[in-house]
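Peer 1: What follows is the residue order along each chain.
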Amino acid sequence: MNLGLPEHLARESFSRALANAGHCAALVCLVIGIVVVAESAFAGGAEGELAAVMLLAAQALLLVLVARFPTVTLTVVYLVAGSAVVFALTVLVMQPENGVDSTNNPLLALPRIALLLVGGAGAGSAIALTWATLGFGLGEAATFLGAAIGGGSWVPNVAAAGAFGLLVMVRAYDGLSRRRDTRKETGLHRASQQTRELALRHDYELRATARLHDTALSHLVAIAAAGSGPIDERLRVGIRQDLGLIVGRDWAIDHGDAAIDDGAFGSAGAAGGAGRPGRSGGNGPIAAAATRTVLPEALEAARNAGLGVRITGDPAALEVLGPVRASVLDAAVAQCLVNVARHAGVGEAEVAIGPGHGDVTVVVVDSGLGFDVDAVPDDRIGLRTSIRARIEQEGGSVQVWSSPGVGTTVVLTVPEGGA
Amino acid sequence: MILRIRLAQQEADPIGAITAAPAVVIGASVAVAASVGLTFWHRAEINSPAAAILGIVLVAAAGVVASVSAWPSRAPFTAERLWVVVSLAVGGAIAEYVSTLGTDQYLYDDYGPIAIGLLILAVAPFCTWMSLLTAGFLASAVLAILAVGAAGDRGAGGSVVAVIAVNTSATLALAAAAAGYSYAIVAETLAWQRQANSAALQRDADMRAGIARSVQQSRVSLLGREVLPFLAGIMTAERITVADADRARELAEALRRALKAGIESTWLDDLAASVGSVRGVGVEVDDPGGAARELRVDQRSTLTALVSWLSNSGRSAGMTVSFRTAEHSGVITLEARPGVEPPTRRDLERFLAVARSVGMRAETRVARDNVSVEFRYDLE
Numbered sequence: 001m002n003l004g005l006p007e008h009l010a011r012e013s014f015s016r017a018l019a020n021a022g023h024c025a026a027l028v029c030l031v032i033g034i035v036v037v038a039e040s041a042f043a044g045g046a047e048g049e050l051a052a053v054m055l056l057a058a059q060a061l062l063l064v065l066v067a068r069f070p071t072v073t074l075t076v077v078y079l080v081a082g083s084a085v086v087f088a089l090t091v092l093v094m095q096p097e098n099g100v101d102s103t104n105n106p107l108l109a110l111p112r113i114a115l116l117l118v119g120g121a122g123a124g125s126a127i128a129l130t131w132a133t134l135g136f137g138l139g140e141a142a143t144f145l146g147a148a149i150g151g152g153s154w155v156p157n158v159a160a161a162g163a164f165g166l167l168v169m170v171r172a173y174d175g176l177s178r179r180r181d182t183r184k185e186t187g188l189h190r191a192s193q194q195t196r197e198l199a200l201r202h203d204y205e206l207r208a209t210a211r212l213h214d215t216a217l218s219h220l221v222a223i224a225a226a227g228s229g230p231i232d233e234r235l236r237v238g239i240r241q242d243l244g245l246i247v248g249r250d251w252a253i254d255h256g257d258a259a260i261d262d263g264a265f266g267s268a269g270a271a272g273g274a275g276r277p278g279r280s281g282g283n284g285p286i287a288a289a290a291t292r293t294v295l296p297e298a299l300e301a302a303r304n305a306g307l308g309v310r311i312t313g314d315p316a317a318l319e320v321l322g323p324v325r326a327s328v329l330d331a332a333v334a335q336c337l338v339n340v341a342r343h344a345g346v347g348e349a350e351v352a353i354g355p356g357h358g359d360v361t362v363v364v365v366d367s368g369l370g371f372d373v374d375a376v377p378d379d380r381i382g383l384r385t386s387i388r389a390r391i392e393q394e395g396g397s398v399q400v401w402s403s404p405g406v407g408t409t410v411v412l413t414v415p416e417g418g419a
Numbered sequence: 001m002i003l004r005i006r007l008a009q010q011e012a013d014p015i016g017a018i019t020a021a022p023a024v025v026i027g028a029s030v031a032v033a034a035s036v037g038l039t040f041w042h043r044a045e046i047n048s049p050a051a052a053i054l055g056i057v058l059v060a061a062a063g064v065v066a067s068v069s070a071w072p073s074r075a076p077f078t079a080e081r082l083w084v085v086v087s088l089a090v091g092g093a094i095a096e097y098v099s100t101l102g103t104d105q106y107l108y109d110d111y112g113p114i115a116i117g118l119l120i121l122a123v124a125p126f127c128t129w130m131s132l133l134t135a136g137f138l139a140s141a142v143l144a145i146l147a148v149g150a151a152g153d154r155g156a157g158g159s160v161v162a163v164i165a166v167n168t169s170a171t172l173a174l175a176a177a178a179a180g181y182s183y184a185i186v187a188e189t190l191a192w193q194r195q196a197n198s199a200a201l202q203r204d205a206d207m208r209a210g211i212a213r214s215v216q217q218s219r220v221s222l223l224g225r226e227v228l229p230f231l232a233g234i235m236t237a238e239r240i241t242v243a244d245a246d247r248a249r250e251l252a253e254a255l256r257r258a259l260k261a262g263i264e265s266t267w268l269d270d271l272a273a274s275v276g277s278v279r280g281v282g283v284e285v286d287d288p289g290g291a292a293r294e295l296r297v298d299q300r301s302t303l304t305a306l307v308s309w310l311s312n313s314g315r316s317a318g319m320t321v322s323f324r325t326a327e328h329s330g331v332i333t334l335e336a337r338p339g340v341e342p343p344t345r346r347d348l349e350r351f352l353a354v355a356r357s358v359g360m361r362a363e364t365r366v367a368r369d370n371v372s373v374e375f376r377y378d379l380e
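So the sequences go chain by chain: A and B. Each residue of the first sequence is one higher than the last, beginning at 1 in this note's numbering. Each residue of the second sequence is one higher than the last, beginning at 1 in this note's numbering.
In short, the hints are calculated from the structure, not lab data. In this text the structure is predicted, and so the values were computed from the model without any measurement. Heads up, the beta-carbon is just placed ideally off N, CA and C, and yes, glycines get one too. Don't take each hint at face value.
Said to hold, decoys possible - Computed list of chain B residues with no C-beta within reach of chain A, every gap over 12 Å:
#	residue
1	Ile53
2	Ala326
3	Ser329
4	Arg337
As the list claims (entries may be wrong) - Label pairs and their in silico Cβ distance ranges:
#	chain 1	residue 1	chain 2	residue 2	range
5	B	Arg346	A	Ala58	47 to 53 Å
6	A	Ala58	B	Arg361	28 to 34 Å
7	B	Thr78	A	Ala126	32 to 38 Å
8	B	Arg368	A	Val155	58 to 64 Å
9	A	Ser153	B	Val64	52 to 58 Å
10	B	Pro22	A	Val155	32 to 38 Å
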């Protein structure tokens with residue numbers, strides 16, 4: 001998520017927000033003006049009242065147009081028409097029969113305040129102040145003329161002058177406060193981007209870590225353990241297979257991603273490759289999952305390690321997983337089976353697959369040597385990286401039960417769906 | 001839409017709200033000046049000087065509460081503070097009414113409506129548009145009652161509705177302006193954030209490719225460059241020699257060590273490494289439990305912005321970021337050694353305001369030889 005407004009948009013955004021504030025206040029002034037006129041007894045009777053109401057309503061309509069489409073033409077039209085409204089209203093109000101002694105009265109202040117709060121075309125405090133000054137000046141001139149024709153004495157309208165002064169203060173503050181460039185200096189927008197990049201980078205590091213671990217570490221350990229002598233053919237085949245997977249490509253990219261890129265899921269996968277995974281949509285990657293072999297990487301790893309695997313339960317439950325999540329689960333199960341082959345001292349393991357309440361669970365069971373779970377050091381890379389870290393990254397969980405001499409059960413649970 | 005109702009500028013754009021804090025003082029000063037000026041203007045109408053003075057004092061108190069409450073060190077500005085400000089200002093308007101009871105010639109020169117409106121407008125960056133509008137309407141309801149009372153005292157004829165409309169116009173117009181500003185700035189900010197987030201998602205694909213390539217240059221992949229040729233050599237060899245076995249053991253150990261370091265590091269370690277290499281400012285991270293992973297994205301951005309800012313322009317010569325976590329909460333302490341241009345408390349306030357807007361309680365202590373910033377947050 002990004003925080004606040006970026007420096008390059010702040011000026012325009014604040015200007016628009018302040019203009020919107022002015023328009024709201026102006027509209028309230030005009031509506032109140034209409035109410036006051038409608039409720040007052042005017043010289044000229046009902047016709048005079050109706051004329052005044054119509055004039056104020058016309059100004060309100062133009063104000064809405066300027067607020068919606070702040071073009072130079074509409075701004076000028078609003079200023080000219082608004083001045084005409086102020087002039088006409090002054091003539092009406094200043095009739096001697098109304099007993100209004102000067103132009104400094106609330107009824108004449110309301111359309112004048114609405115006139116100077118025009119906002120207008122363009123962004124920035126200087127332009128806004130120019131339009132407001134025009135509005136104030138034209139309003140004052142219109143009032144002067146109206147008083148000259150209608151009668152009564154012209155006195156500067158205190159409320160309109162006060163509103164103008166307030167607007168000048170607000171706009172001047174806005175312009176001056178942004179000169180310090182605090183926003184740019186704080187660099188929140190830049191930090192948001194950097195954080196996003198750091199998170200992505202870390203995610204890739206972790207994937208690369210798991211990939212290199214799966215590919216290389218077991219072979220290195222096997223070579224170190226074998227000592228001098230002829231190479232075990234199974235080891236040679238294993239190395240060849242793994243190197244074939246990674247040489248000549250961006251090996252750091254998780255093979256789940258790579259599988260999608262390569263259209264490795266066959267024709268159905270290619271058809272749905274561009275879409276996001278979801279539970280609906282027959283051509284999507286989830287539908288494609290139905291055509292996949294169940295846990296291909298795990299079975300391949302077991303075969304290379306000479307381990308027999310019995311799959312039980314409901315393998316179709318894997319179809320509800322997105323291709324990346326299915327691949328992550330596959331890789332984690334593969335690591336479990338490699339561990340069985342390496343440490344359990346048995347030739348067979350059982351993999352039970354089953355759907356849960358919004359989850360998919362895979363249980364890897366062996367009846368081998370087992371181990372004391374509490375005695376496993378925290379830095380055991382295999383369990384932490386290849387199994388637990390991967391599954392947790394997909395929002396899942398891993399539970400391990402084992403006792404020496406009894407065997408080991410690893411339960412891997414991931415939520416349905418996913419990328 | 002719901003967000004627009006719930007959010008104020010201080011949450012959506014904390015830096016903008018901080019910038020507005022001095023404007024509250026200005027707005028409050030204008031309100032107090034208006035109350036003093038207009039009281040003097042209609043001094044002939046005053047029949048209770050005590051009430052007149054009380055009115056000014058209440059408006060001044062509202063101004064002080066608004067100014068102090070809006071100051072960054074007291075953020076966030078809560079809805080309760082708005083109600084205190086408006087209540088005090090309405091109290092001022094009532095006192096003004098009492099001071100001219102029966103002798104008020106013109107509503108036009110009463111300061112109550114304008115003072116209330118100005119104070120509502122001044123705190124607009126800190127309140128939701130809905131609360132500002134509600135405050136304006138409720139205050140206007142009180143002013144309407146006062147207007148009816150004043151009209152009755154004068155025995156003036158004419159429409160009561162017109163009298164009420166005139167007396168509430170300043171408050172309603174300024175409250176509408178405040179609400180209009182609050183709504184527009186939050187809408188602008190959210191629109192930009194939606195746009196930026198969607199652009200960032202589109203950019204991610206390109207960034208992923210670049211990052212994947214650069215990850216291959218990292219410590220894990222450099223190791224991979226040693227490991228993979230070695231395995232390739234073994235694959236084509238007839239026999240494994242003792243030297244091969246030793247080399248395999250060495251590489252396995254190196255791989256384990258590198259992997260362990262890689263697993264235990266967090267994004268903050270990456271940031272520290274980047275700051276160290278680009279700006280030459282040492283950043284130590286003390287986070288044995290990897291608590292930095294638990295921070296939300298916006299909280300990470302805040303910490304990233306602060307670390308980057310401190311490491312720039314000689315503000316800090318080096319810093320330590322340490323994490324302590326309990327069951328449901330965490331504390332991040334950033335201790336920085338001042339550089340040639342050490343930061344001031346005021347400089348840091350904006351980061352603290354941003355931190356508060358993303359759910360972290362923040363404090364800072366600035367001394368000659370040490371700058372300390374502490375963030376407390378809840379674990380979800």
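Peer 1: For every hint, state whether the structure bears it out.
Peer 2: These are the hints, each one checked on the structure:
1. Ile53: holds, 23 Å
2. Ala326: holds, 21 Å
3. Ser329: Holds, because the least Cβ-Cβ distance between Ser329/B and chain A comes to about 22 Å, which exceeds 12 Å.
4. Arg337: holds, 21 Å
5. Arg346/B / Ala58/A: 47 to 53 Å: holds, 50 Å
6. Ala58/A / Arg361/B: 28 to 34 Å: violated, 53 Å
7. Thr78/B / Ala126/A: 32 to 38 Å: holds, 36 Å
8. Arg368/B / Val155/A: 58 to 64 Å: holds, 60 Å
9. Ser153/A / Val64/B: 52 to 58 Å: 41 Å Cβ-Cβ, so the 52 to 58 Å window is violated.
10. Pro22/B / Val155/A: 32 to 38 Å: holds, 34 Å
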